[in-house]
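Novice: First to last, the sequence lines map onto chains A and B. Going by my numbering, the first residue of the first sequence is number 1, and it counts up by one from there. Going by my numbering, the first residue of the second sequence is number 1001, and it counts up by one from there.
Rather than coming from a laboratory, the hints here were simulated on the basis of the structure. Nothing here was measured: the structure is a model prediction, and the numbers come from that model. There may be inaccurate statements among the hints.
Said to hold, decoys possible - Distance condition first, Cα-Cα at most 30 Å in a straight line; then the derived BS3-like pairs of lysine-lysine:
#1 K281/A to K1234/B
#2 K1173/B to K267/A
#3 K1261/B to K281/A
#4 K322/A to K279/A
#5 K1039/B to K1029/B
#6 K1126/B to K1173/B
#7 K201/A to K1039/B
#8 K40/A to K8/A
#9 K8/A to K24/A
#10 K270/A to K1276/B
This is what each chain is made of:
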Amino acid sequence: MPNMDPKKCPMPSQEPNVRNKNFKEVALGYTEEMAVNEAKRCLQCKNHPCRSGCPVEIDIPGFIKHVAEGDFEAAYNVIAQSSALPAVCGRVCPQEHQCEGKCVRGIKGETVGIGRLERFVADWYRNNVHTKPTAPAPNGHKVAVIGAGPSGLTVAGDLAKLGYKVTVYEALHVAGGVLMYGIPEFRLPKDIVQHEVEGLKELGVDIETNMVIGKVLTIDELMNDYGFEAVYVASGAGLPRFMGIPGESLNGVYSANEYLTRVNLMKAYKEDSRTPIMKSKSVAVVGGGNVAMDAARCAKRLGAENVYIVYRRGMAELPARKEEVEHAEEEGIVFKTLTNPTEVLGDENGWVKGMTCVEMELGEPDASGRRRPIVKEGSEFVLNVDTMIMALGTSPNPLIRSTTPGLDADKHGCLITNGPDGLTSRPMVYAGGDAVTGAATVILAMGAGKEAARAIDAAIKAKEQ
Amino acid sequence: MFTIIKRRELNPTVTELCIHAPLIAKKAKAGQFIIVRAKEDSERIPLTIAGFDREAGTVSIIFQVVGAGTMQLNSLKEGEAVHDFVGPLGKATEIEGLKNVCVVGGGVGCAIALPIAQALHEQGTKVTGIVGFRNKDLVILEDEFRACCDEFIIMTDDGSYGEKGVVTAPLEKKIVEGANFDEVITIGPLIMMKFVVKTTKPHNVKTVVSMNPIMVDGTGMCGGCRLTVGGQTKFACVDGPDFDGFEVDFDEAMHRGTMYKPFEAHAREAECNLLKQEVQ
Ligand SMILES: Cc1cc2nc3c(=O)[nH]c(=O)nc-3n(C[C@H](O)[C@H](O)[C@H](O)COP(=O)(O)OP(=O)(O)OC[C@H]3O[C@@H](n4cnc5c(N)ncnc54)[C@H](O)[C@@H]3O)c2cc1C
Ligand SMILES: Cc1cc2nc3c(=O)[nH]c(=O)nc-3n(C[C@H](O)[C@H](O)[C@H](O)COP(=O)(O)OP(=O)(O)OC[C@H]3O[C@@H](n4cnc5c(N)ncnc54)[C@H](O)[C@@H]3O)c2cc1C
Ligand code: SF4
Ligand code: SF4
Ligand code: FES
Ligand SMILES: [Mg+2]
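With the rest of the complex left out, here is chain A (with noise of 0.2 Å):
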């Protein structure tokens, strides 16, 4: 008998006035009890809508079946012959868009809780299963991957276990993408990341972090010298945006990748942390994504006594995870929507003290189809703080394009390829994740890289014969 409780089982969670001051992670997880009494609730539906939601198409009734009679390592294995970082995606997919979205169980009630099961199947998996993998026969072929992202690292796994020399090329210090530099401790710990990163590697991937791919060696030259025989370009959409409105350059300003950087990767919450980062009193982030959620939420932990979404359109538009918002709102971050900044106001000696905004209204739908802010007349009004986030989205970094002759971008800096497969206008040179969709999600790098993964070894054998 399915339980027909129409409520998810409630993730234990620390209490928001508690969390809202420390950088541990707000959702405990469940207990083997709520996983198993969750997955009851799954109706094991013939047509399983719920897969078709899930951009890597996890059998999900397959896995969630397992889960309910208590077999966590078959579940596991369900997931992973689809997904590379279940720990990852099971915390930070929009679920409500995605699998959740279509599970039939959300017509009369809420759906079954997928991301907190396959978080519970991927942490059940890691803490209680130790066996190491091996690294499979070499094959003789050699990979080079650009970024180490969840999408580069998927491919570096995924040809890994075919018996390729993988060798990742990561610009920063350590070895993630985003799930290092920008998703803060309390949403997604590190810990869980570098435990990936280790698997990769004791699968016998090579990961060469420090290294710049364009200035210190060039995708011709890994090509051509280095003799590897097909390049996974995965290096992610990094560049930030600002307004271009008067007083950006303001002490007080910040871009979210610099505030988040600074917070995360360098670990500037930290005590004795050698990074600095600004104590705020009052703090203003502008934008309505996940980005804009995780800079207030870092903000308000680092003491912050305001902190304020400053978000165009409505409460209803905003692009962030549900989740997200509604852990924001419990931590007590103020969402100013309908509000958009116009300028950046400086004290005497250069710092931020403000910011006037106009509010907006909502007018026709547009090219996007969301309903186009338009500003009320006379709506002008400042508000007052001392530091600004400015968290508008990014673009492809232009350093993988300029120095690589013959690889196309479009417009936007996005690195165009000829559909799944992720193969560029370079013979042999793939791409996928942030770098050819700009800012997108984790499941969609990682599926970028499993097909991409799938794409080199195919071209690599058929050169073969």
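Using the hints provided, position chain B with the ligands relative to the given structure of chain A.
Specialist: Here is chain B with the ligands on its own, set in the frame of chain A:
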């Protein structure tokens, strides 16, 4: 492993480290920089490539000990390794086609100016070097400069060595006397570069400045290093560090450089205490 092959103290607060980094040595050009983390918990700090030896696979950096990060770096001995060393970053200084250049360096900025003077000299450019220091004890790299400059002038603030005064005095004199520089390249404290530009602008002598804003990644990812140049926002780590001096907003850059003063003072003190403990 980025092993320290050689360590040399150039003056009481300026140290040169020669580091094993063959890939960087192979690509480095004058004007580019690296980002270093001395230890596992150190911050990322940018330092200019002061020299390189492609055969030996080494890169040298010359740095002034000013705060916690440079103190940590300075505590490393020959044979030890820096934890992270990434580069070459930024654009190389453009020197092609220049016939007659004045290189103006101030303080530790001379370490950055030297490889440019050397590169100019190697391509046959006439090089006039003007360098300034606070006093005689702080003078660095004199022999190296003399070897690559057709003319070389040392200034000290207190007159304890070379001529007394600031670098802009001989620069102005040279220009007025008709030195006819194609370009002036200046590297040093922001305030000095601002005054060099003030000196050259009325004479319309093209002036390239090497900017040093606070950086984190050095790859164009954080935007922390942004400057206003000709009214536009530029990222010094990828668009620079060299810029047209006439266009740079120096006052803004100077102000942005002070962003973390209280933190830095505190970190410096903490690092001093740590080092003292290690000695005891
Ligand atoms: C703050 C923040 C929060 C987010 N929250 C979520 C979320 O909740 N859910 C979700 O699904 N998605 C989220 N995202 C988006 C998600 O993280 C990205 O879509 C995903 O990480 C893209 O993966 P990727 O592998 O393509 O690139 P990245 O993760 O960006 O990794 C690219 C890597 O390449 C390296 N690199 C770049 N250039 C070079 C070079 N020239 N040489 C060598 N290495 C290079 C970079 O340093 C980086 O490590 C968030 C993003 C941010 C910034
Ligand atoms: C492209 C570039 C090239 C440079 N080359 C050299 C060089 O060859 N030799 C040399 O001695 N110095 C050089 N600098 C300056 C050097 O990076 C700083 O002196 C150093 O980071 C100070 O760190 P600290 O922790 O010891 O001192 P702190 O006490 O933390 O800072 C002292 C001052 O240094 C500056 N600074 C602090 N952190 C950074 C940072 N992350 N990035 C840039 N500046 C910072 C600030 O203005 C600060 O007030 C260069 C800077 C840049 C941007
Ligand atoms: S990977 Fe993401 S979308 Fe797919 S089932 Fe897991 S949580 Fe849902
Ligand atoms: S749609 Fe929901 S109930 Fe149906 S199989 Fe998928 S998770 Fe289970
Ligand atoms: S240092 Fe981060 S963009 Fe230049
Ligand atoms: Mg410092």
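Novice: Hint by hint, say whether it matches the structure.
Specialist: Structure-based check of each hint:
1. With a C-alpha separation of about 28 Å, the suggested pair K281/A and K1234/B falls inside the 30 Å cut-off, and the hint holds.
2. The suggested pairing of K1173/B with K267/A is violated, with an alpha-carbon distance near 50 Å, which exceeds 30 Å.
3. Distance hint between K1261/B and K281/A is fulfilled; the C-alpha atoms sit about 18 Å from each other, no more than 30 Å.
4. Between K322/A and K279/A the alpha-carbon distance is near 28 Å, which keeps this suggested pair within the 30 Å criterion.
5. Straight-line distance between C-alpha atoms of K1039/B and K1029/B comes to about 26 Å, which keeps the hinted pair within the 30 Å bound.
6. For the hint pairing K1126/B with K1173/B, the CA-to-CA distance comes to about 18 Å; that is within 30 Å, so the pair holds.
7. Only pairs whose Cα atoms come within 30 Å are accepted, and K201/A paired with K1039/B is accepted, the gap being roughly 23 Å.
8. Proximity of K40/A to K8/A is assessed by CA-CA distance (about 11 Å); at most 30 Å being required, the pair is judged to hold.
9. The suggested pairing of K8/A with K24/A holds, with an alpha-carbon distance near 24 Å, which does not exceed 30 Å.
10. A C-alpha spacing of about 23 Å is found between K270/A and K1276/B, which places the hinted pair at or below 30 Å, so the restraint holds.
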